[in-house]
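Novice: The primary structure of each chain is shown beneath.
There are 2 protein chains.
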Amino acid sequence: MADAATAEYQLSTEPKLRAHVADVLVKSGVAREHADVVADVLVAADLRGIESHGVARLESYYVSRIRSGHLNPKPNYHIVRETETTVLFDADNGLGHPVGKMAMERVLEKAAKHGSAFGGVRNSNHFGIAGYYAMMALERDMIGMASTNSVKYGTATFGKDVLLGTNPLAFAIPAGSEPPFVLDFATTTVPKGKLEVYKRKGKPLLDGWAIDAEGAMTLDPDEALRGALLPLGGFGTEGGGHKGYGLGLLVDILCGVLSGGAFGPTLPVVTDTREGAISHWFGAFRVDAFRDVDAFKADMDRELQYFKQSAKSPGQERIWVAGEPEHEKTAYHRQHGVPVHTKVWDGLQKLSGELGIPFDIAR
Amino acid sequence: MADAATAEYQLSTEPKLRAHVADVLVKSGVAREHADVVADVLVAADLRGIESHGVARLESYYVSRIRSGHLNPKPNYHIVRETETTVLFDADNGLGHPVGKMAMERVLEKAAKHGSAFGGVRNSNHFGIAGYYAMMALERDMIGMASTNSVKYGTATFGKDVLLGTNPLAFAIPAGSEPPFVLDFATTTVPKGKLEVYKRKGKPLLDGWAIDAEGAMTLDPDEALRGALLPLGGFGTEGGGHKGYGLGLLVDILCGVLSGGAFGPTLPVVTDTREGAISHWFGAFRVDAFRDVDAFKADMDRELQYFKQSAKSPGQERIWVAGEPEHEKTAYHRQHGVPVHTKVWDGLQKLSGELGIPFDIAR
Numbered sequence: 000m001a002d003a004a005t006a007e008y009q010l011s012t013e014p015k016l017r018a019h020v021a022d023v024l025v026k027s028g029v030a031r032e033h034a035d036v037v038a039d040v041l042v043a044a045d046l047r048g049i050e051s052h053g054v055a056r057l058e059s060y061y062v063s064r065i066r067s068g069h070l071n072p073k074p075n076y077h078i079v080r081e082t083e084t085t086v087l088f089d090a091d092n093g094l095g096h097p098v099g100k101m102a103m104e105r106v107l108e109k110a111a112k113h114g115s116a117f118g119g120v121r122n123s124n125h126f127g128i129a130g131y132y133a134m135m136a137l138e139r140d141m142i143g144m145a146s147t148n149s150v151k152y153g154t155a156t157f158g159k160d161v162l163l164g165t166n167p168l169a170f171a172i173p174a175g176s177e178p179p180f181v182l183d184f185a186t187t188t189v190p191k192g193k194l195e196v197y198k199r200k201g202k203p204l205l206d207g208w209a210i211d212a213e214g215a216m217t218l219d220p221d222e223a224l225r226g227a228l229l230p231l232g233g234f235g236t237e238g239g240g241h242k243g244y245g246l247g248l249l250v251d252i253l254c255g256v257l258s259g260g261a262f263g264p265t266l267p268v269v270t271d272t273r274e275g276a277i278s279h280w281f282g283a284f285r286v287d288a289f290r291d292v293d294a295f296k297a298d299m300d301r302e303l304q305y306f307k308q309s310a311k312s313p314g315q316e317r318i319w320v321a322g323e324p325e326h327e328k329t330a331y332h333r334q335h336g337v338p339v340h341t342k343v344w345d346g347l348q349k350l351s352g353e354l355g356i357p358f359d360i361a362r
Numbered sequence: 000m001a002d003a004a005t006a007e008y009q010l011s012t013e014p015k016l017r018a019h020v021a022d023v024l025v026k027s028g029v030a031r032e033h034a035d036v037v038a039d040v041l042v043a044a045d046l047r048g049i050e051s052h053g054v055a056r057l058e059s060y061y062v063s064r065i066r067s068g069h070l071n072p073k074p075n076y077h078i079v080r081e082t083e084t085t086v087l088f089d090a091d092n093g094l095g096h097p098v099g100k101m102a103m104e105r106v107l108e109k110a111a112k113h114g115s116a117f118g119g120v121r122n123s124n125h126f127g128i129a130g131y132y133a134m135m136a137l138e139r140d141m142i143g144m145a146s147t148n149s150v151k152y153g154t155a156t157f158g159k160d161v162l163l164g165t166n167p168l169a170f171a172i173p174a175g176s177e178p179p180f181v182l183d184f185a186t187t188t189v190p191k192g193k194l195e196v197y198k199r200k201g202k203p204l205l206d207g208w209a210i211d212a213e214g215a216m217t218l219d220p221d222e223a224l225r226g227a228l229l230p231l232g233g234f235g236t237e238g239g240g241h242k243g244y245g246l247g248l249l250v251d252i253l254c255g256v257l258s259g260g261a262f263g264p265t266l267p268v269v270t271d272t273r274e275g276a277i278s279h280w281f282g283a284f285r286v287d288a289f290r291d292v293d294a295f296k297a298d299m300d301r302e303l304q305y306f307k308q309s310a311k312s313p314g315q316e317r318i319w320v321a322g323e324p325e326h327e328k329t330a331y332h333r334q335h336g337v338p339v340h341t342k343v344w345d346g347l348q349k350l351s352g353e354l355g356i357p358f359d360i361a362r
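Line order of the protein sequences matches chains S and G.
Just so we're aligned, residue 0 is where the first sequence starts under numbering that gives the first Met the number 0, counting upward by one.
Just so we're aligned, residue 0 is where the second sequence starts under numbering that gives the first Met the number 0, counting upward by one.
Just so you know, the hints here were simulated from the structure itself, not pulled from any lab data.
One should not assume that every hint holds.
Which copy? The list can't say, so a pair holds if one copy fits it or any two copies do.
Unchecked claim - Taking lysine to aspartate or glutamate pairs in the DMTMM-like style, the calculated list, with each CA pair at most 20 Å apart, reads:
| no. | residue 1 | residue 2 |
| --- | --- | --- |
| 1 | Lys112 | Glu81 |
| 2 | Lys198 | Glu237 |
| 3 | Lys112 | Glu83 |
| 4 | Lys311 | Glu213 |
| 5 | Lys193 | Asp211 |
| 6 | Lys202 | Glu237 |
Required output: the full structure, derived from the provided sequences and hints.
Specialist: Structure follows, in structure tokens:
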């Protein structure tokens with residue numbers, strides 16, 4: 000695990016980090032029960048090695064928006080439409096994590112009773128990693144799905160305007176002795192943060208990542224940051240870019256249009272402060288509606304092992320299945336500490352000072 | 000429409016082509032009601048411009064397998080497990096199209112009653128275009144999903160073994176005055192047929208399409224045909240190949256493992272004659288469970304127009320949304336005739352002679 004215990008990182012623990020994040024949010028006006036959920040989702044991202052969606056975003060995505068009045072710390076999360084197997088929430092411009100968890104719990108209850116269910120949330124905000132909500136299905140022996148639209152960074156195939164978020168899709172499927180299959184991916188080739196990392200390191204981008212403001216593919220991080228991200232599959236159609244673009248638009252429809260929230264033309268770009276513009280989508284169904292759970296899990300183990308044990312291309316050390324790297328990182332970070340980038344650590348310390356709360360997260 | 004009325008193509012009509020395909024199947028031992036469904040699915044593919052999944056496959060994928068005893072022309076399609084909102088069929092090694100349509104109809108009935116539903120089929124065979132089944136949801140104002148695993152052509156990220164099918168995923172979402180959003184895509188970068196086309200034309204492949212038998216990326220069609228297809232996103236992880244690989248494996252799990260059918264280690268490659276080894280997966284939910292249908296459709300039109308009317312990158316003529324090219328081709332082919340490649344046409348004529356049925360498909 001390259002990210003633990005280096006000069007760039009300091010180490011915290013899961014309980015300390017979670018408690019601190021929750022305290023910061025409570026001090027910012029968020030109800031304790033909601034703050035605890037946000038803390039759990041953010042720290043889960045750090046445990047899984049997805050730093051970009053972890054405590055690094057506490058100040059910029061959440062606390063600063065509460066402080067500037069753009070995010071409602073005490074929202075009235077409420078159901079606006081419901082059937083036997085579907086539910087739609089309005090998040091009242093509150094934090095996305097508590098309402099996301101609430102919606103997925105409702106979906107799981109309905110699926111437990113009827114076999115399958117779907118849910119949506121509108122007027123919400125960034126909800127962290129989509130995989131967190133999909134994975135809530137696992138302990139109930141269900142297959143879970145989760146998705147969210149996001150502020151716009153990406154373009155359409157053959158386009159140059161910034162039209163689409165990174166719009167992740169997540170699926171979680173239980174296994175037996177193997178870790179669960181957890182596929183959680185942005186529908187752009189890379190996230191925007193990757194352009195920023197390459198800029199900082201002075202490295203050229205790779206083909207298929209981004210276009211400049213004129214719509215031409217660029218390897219220059221500065222040009223790309225003024226341009227747009229390309230969909231999974233890259234520029235044009237020859238590498239399948241139209242498929243990634245289709246998936247990104249699918250997510251914007253399932254989340255934004257279906258929920259009656261913001262979508263496409265009304266979705267903000269990152270510099271906008273439009274409120275409650277993010278929407279989420281969830282789904283789940285019972286494994287035992289199709290097969291006995293034990294037989295399914297035994298076959299899942301066979302399936303995952305088949306891929307992991309297959310022959311490697313030259314120079315490769317290992318073949319992974321989706322969710323496996325994050326599963327191993329979680330175990331490692333639980334044992335050896337949760338790495339927090341020094342800049343993020345210092346930011347958390349500064350924020351604690353401003354809020355007048357203790358800063359005690361060191362391992 | 001480049002494919003209509005050229006020297007390479009002859010023209011048929013939708014009713015004539017459908018009737019002929021059905022007659023061929025009936026003469027081969029398939030029940031009339033099932034033959035009609037297969038004909039409808041195959042001709043729908045030709046109408047949509049997806050030649051590779053249309054009547055071109057009638058002999059090689061279906062009739063020849065019936066004649067050689069590898070596909071059951073008179074299967075006992077039956078339900079093996081069912082709940083309020085889920086259903087699993089066993090296809091008894093019959094044609095995939097009739098049981099696929101049967102399963103999706105059952106899913107739609109359940110979703111109409113309860114809000115959402117999922118379905119599966121095991122021990123089946125190739126079912127044509129996945130989009131056909133997803134699109135069955137449209138006339139009921141539902142959102143439809145369909146998927147199938149397939150014989151193995153593709154590899155894993157960092158792998159060299161042939162492990163995965165082209166494993167398409169399809170989603171269909173109704174709109175108002177705009178054509179519906181229909182995303183139907185293979186989770187490999189390109190289908191195997193594309194390698195064969197490039198071989199025939201003596202053209203080098205593009206980056207990210209395929210590896211040779213040793214696992215190295217190759218631009219040589221012959222080497223690629225002895226190797227494996229790469230997942231959407233290409234070789235390695237830098238272009239997001241692990242995402243396409245994850246989607247391909249997701250499909251194999253949702254179809255094969257979930258249904259109790261063949262998957263991964265037991266799934267055949269194209270030269271195998273293993274029977275009934277293909278499985279399908281379906282899902283649907285009601286739009287009006289989330290929003291009033293008219294408001295949803297009006298917003299779908301706004302969403303689709305937003306993308307279509309956005310600024311183009313240099314040299315591009317048009318920005319499309321998923322399903323739009325196929326929608327326009329269908330209208331064109333209904334008006335001007337359905338193009339059938341001369342080789343396919345001649346093959347159909349030969350097959351008619353062998354079966355002793357009239358060959359009258361010319362427009």
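Novice: All hints are to be evaluated individually against the structure, with a verdict given for each.
Specialist: Now for the hints, and whether the structure bears them out:
{"no.": "1", "hint": "Lys112 / Glu81", "result": "both (15 Å within a copy, 14 Å between copies)"}
{"no.": "2", "hint": "Lys198 / Glu237", "result": "between (27 Å within a copy, 16 Å between copies)"}
{"no.": "3", "hint": "Lys112 / Glu83", "result": "both (9 Å within a copy, 9 Å between copies)"}
{"no.": "4", "hint": "Lys311 / Glu213", "result": "between (40 Å within a copy, 9 Å between copies)"}
{"no.": "5", "hint": "Lys193 / Asp211", "result": "within (15 Å within a copy, 30 Å between copies)"}
{"no.": "6", "hint": "Lys202 / Glu237", "result": "between (25 Å within a copy, 14 Å between copies)"}
Figure legend: structure checked against the earlier numbered hints; every hint is met.
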